[in-house]
Amino acid sequence: MSTSPRAGLVWDDSNGYLEPKWASEPSIEAIQATCRRVLQLDAPDGCSVSFKAEGAFNKVYLVEDNYERRWIFRVSLPIDPQKKTVGEVATLDWLERHSDIPVPKVIAFDDSGDNEIGYEWTLMDLMPGTSAYRQWRKMSMETKTTFVEKIAEYQAQLFKSQFRTIGTLKDVSLDEDSKSEPGQLVGPMYFMGKRYDLDVPRGPFRSSYDWLKSFISVIVGDQKRVINELSESTSDSESSSDSDSSSDSDSDSDNSSSSDDSSSSDDSSSSDDSSSSDDSSSSDDSSSSDDSSSSDDSSSSDDSSSSDDSSSSDDSSSSDDSSDSDSPSDDKSDSDADSDSETEAEAKAKTKEQLVAEYNIGLAEYTIEVAEVLDDILPDIFPKAVNPPERTVLLHDDLSLNNILVDDDGAITAIIDWECVSTVPLWATTKTPQFLVGPEREEAPDRDTYADAEPEMEAEERIRDGDDYLDSEGKNILYWWHLMEYEQTKLRKVYSDRLSELCPAWGEALVDGGLKRDFHEAIFHCTNRRRLVKIDDWVGEIMEGEFPTLASIFRPGCT
122 MSTSPRAGLV WDDSNGYLEP KWASEPSIEA IQATCRRVLQ LDAPDGCSVS FKAEGAFNKV
182 YLVEDNYERR WIFRVSLPID PQKKTVGEVA TLDWLERHSD IPVPKVIAFD DSGDNEIGYE
242 WTLMDLMPGT SAYRQWRKMS METKTTFVEK IAEYQAQLFK SQFRTIGTLK DVSLDEDSKS
302 EPGQLVGPMY FMGKRYDLDV PRGPFRSSYD WLKSFISVIV GDQKRVINEL SESTSDSESS
362 SDSDSSSDSD SDSDNSSSSD DSSSSDDSSS SDDSSSSDDS SSSDDSSSSD DSSSSDDSSS
422 SDDSSSSDDS SSSDDSSSSD DSSDSDSPSD DKSDSDADSD SETEAEAKAK TKEQLVAEYN
482 IGLAEYTIEV AEVLDDILPD IFPKAVNPPE RTVLLHDDLS LNNILVDDDG AITAIIDWEC
542 VSTVPLWATT KTPQFLVGPE REEAPDRDTY ADAEPEMEAE ERIRDGDDYL DSEGKNILYW
602 WHLMEYEQTK LRKVYSDRLS ELCPAWGEAL VDGGLKRDFH EAIFHCTNRR RLVKIDDWVG
662 EIMEGEFPTL ASIFRPGCT
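Residue numbers (the working numbering): 122 to 680.
The set of hints was computed from the structure by calculation and includes no laboratory data. Take these hints with a grain of salt, some might be off.
The list that follows gives simulated cross-link-like pairs (lysine-lysine, DSS-like), each with its CA atoms no further than 30 Å apart [stated by the list, open to error]:
no., residue 1, residue 2
1, 300, 173
2, 505, 259
3, 315, 226
4, 226, 180
5, 226, 300
6, 552, 315
7, 281, 596
8, 552, 271
9, 505, 655
10, 281, 173
11, 655, 596
12, 655, 552
13, 552, 259
14, 226, 173
Estimated spans, in silico, between C-beta atoms of each pair [unchecked claim]:
no., residue 1, residue 2, range
15, 218, 271, 37 to 47 Å
16, 149, 667, 57 to 67 Å
17, 673, 572, 26 to 36 Å
18, 169, 565, 40 to 50 Å
19, 479, 626, 47 to 57 Å
20, 589, 667, 42 to 52 Å
21, 578, 673, 27 to 37 Å
22, 154, 274, 55 to 65 Å
23, 594, 618, 27 to 37 Å
Model, not experiment: these values are computed from the prediction. Even for Gly, the Cβ is constructed at its ideal location relative to N, Cα and C.
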């Protein structure tokens, strides 16, 4: 049974980014036993469980009985214990009652890891259809237009039933008379890695100001933690380096009286620093200070080699005075040369480790600086005092083609993956749905002007993508990218026109909320070192009374 709230969750940053991993695989037998109990399936009914798919935080299994009834059983990592599972169940329950958006019906759930599976789980109906991602290339533009208009109609239904405050729904009684209300906000900003342990407000929030102020607090708190951890690591490394230097000095002194003692000291020093070197090179993978560290390494190398040359010169003169080339003094000279070489390598490794830490500390300090400037202009864009609390609506902010199911004719049969969905202010709902995000392209690509697909590359893609492979129909992938950009450009207008017609307030928020959307996006990109300088530039323009779009700063030429 689980003892820690996040037992079973392991964080991995070996690829240069933080990724949640499973400490253990969910047991198929335990899932099967749970399904039999919950669904009240007797032995004759049968109950087969098979792995279906895996997302960032979940593993999905298909459950079937002998009567061709099928369900989805989803096992979840304790990314935000209890709250993530509860939030999604409450959201699905609310949608079933207050809209005709096709979503899975929840049959049962366990928001605790204290069960035979060892993880939180949700059992729900299997929805018909296949992902729109797999069907998209086969759908006509007319069908795609109808598809987008339907999504707009579903969004309009959400806008008509408004909440007060910003947060994730928390009531999961599943009783007909229960009323769902926003609670603490569940999202990656709050639960990724060590952010989960930060002491910051998590909602529900009365206003956009409070909501975004909390995001900034998370960023500043997380970067301060990074600085503290790196500073301690650097301090320990310097302390170790000083200790080694002192040891080397003592060793050199001892060399004059005993070459055997010197050899013993060098061997143990080499062993310790070898493991330290491995650790520091691993740390370098997550940094981008290769150039600076390389420069300093070469400087360090020059100094060391200079020292080594003088030492070598002394040894050779000593050797010349000896008539026996196999004398003990020659062995001592070789030992000293090896020791100097090892010390040089150790100094390089330690210097590089310290440079990486210094670079990352500087980056964290700059991130805090930019975040605090965003905090300074926050009340200029969002009012600080709001009463009554802001009206908010549910927003599915991961509306990708993979999360929309369609039938063979392209009609929507379900919208899935409602985890981490929260109630947000109307201005925040005016951002483009994920499946419509892309560069502007006004002219349709001419298929005949694009190269044909290369059979060898197609075969590699088929193996690499597996079930996600899309038939290229013999054309180069560039054609399909450009076609998608063209379709997205046309369909974005279809979406905004239809939603503005159904919900005029949304249309007004779309026109008036550009600065608010940009500010929200700037906060989320604040920890992206590739965009940090550009966010700083954008904030500077705002403070000077200029109001360029964030997109025009990120990608000059965009509006």
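Consistency of the hints with the structure:
no., hint, in the structure
1, 300 <-> 173, "violated (33 Å)"
2, 505 <-> 259, "violated (49 Å)"
3, 315 <-> 226, "violated (33 Å)"
4, 226 <-> 180, "holds (18 Å)"
5, 226 <-> 300, "holds (17 Å)"
6, 552 <-> 315, "holds (29 Å)"
7, 281 <-> 596, "violated (44 Å)"
8, 552 <-> 271, "holds (17 Å)"
9, 505 <-> 655, "holds (26 Å)"
10, 281 <-> 173, "violated (36 Å)"
11, 655 <-> 596, "violated (37 Å)"
12, 655 <-> 552, "holds (21 Å)"
13, 552 <-> 259, "holds (27 Å)"
14, 226 <-> 173, "holds (18 Å)"
15, 218 <-> 271: 37 to 47 Å, "violated (20 Å)"
16, 149 <-> 667: 57 to 67 Å, "holds (59 Å)"
17, 673 <-> 572: 26 to 36 Å, "holds (33 Å)"
18, 169 <-> 565: 40 to 50 Å, "holds (47 Å)"
19, 479 <-> 626: 47 to 57 Å, "holds (51 Å)"
20, 589 <-> 667: 42 to 52 Å, "holds (43 Å)"
21, 578 <-> 673: 27 to 37 Å, "holds (35 Å)"
22, 154 <-> 274: 55 to 65 Å, "violated (42 Å)"
23, 594 <-> 618: 27 to 37 Å, "holds (31 Å)"
Consistency note: the structure conflicts with the earlier hints numbered 1, 2, 3, 7, 10, 11, 15, 22.
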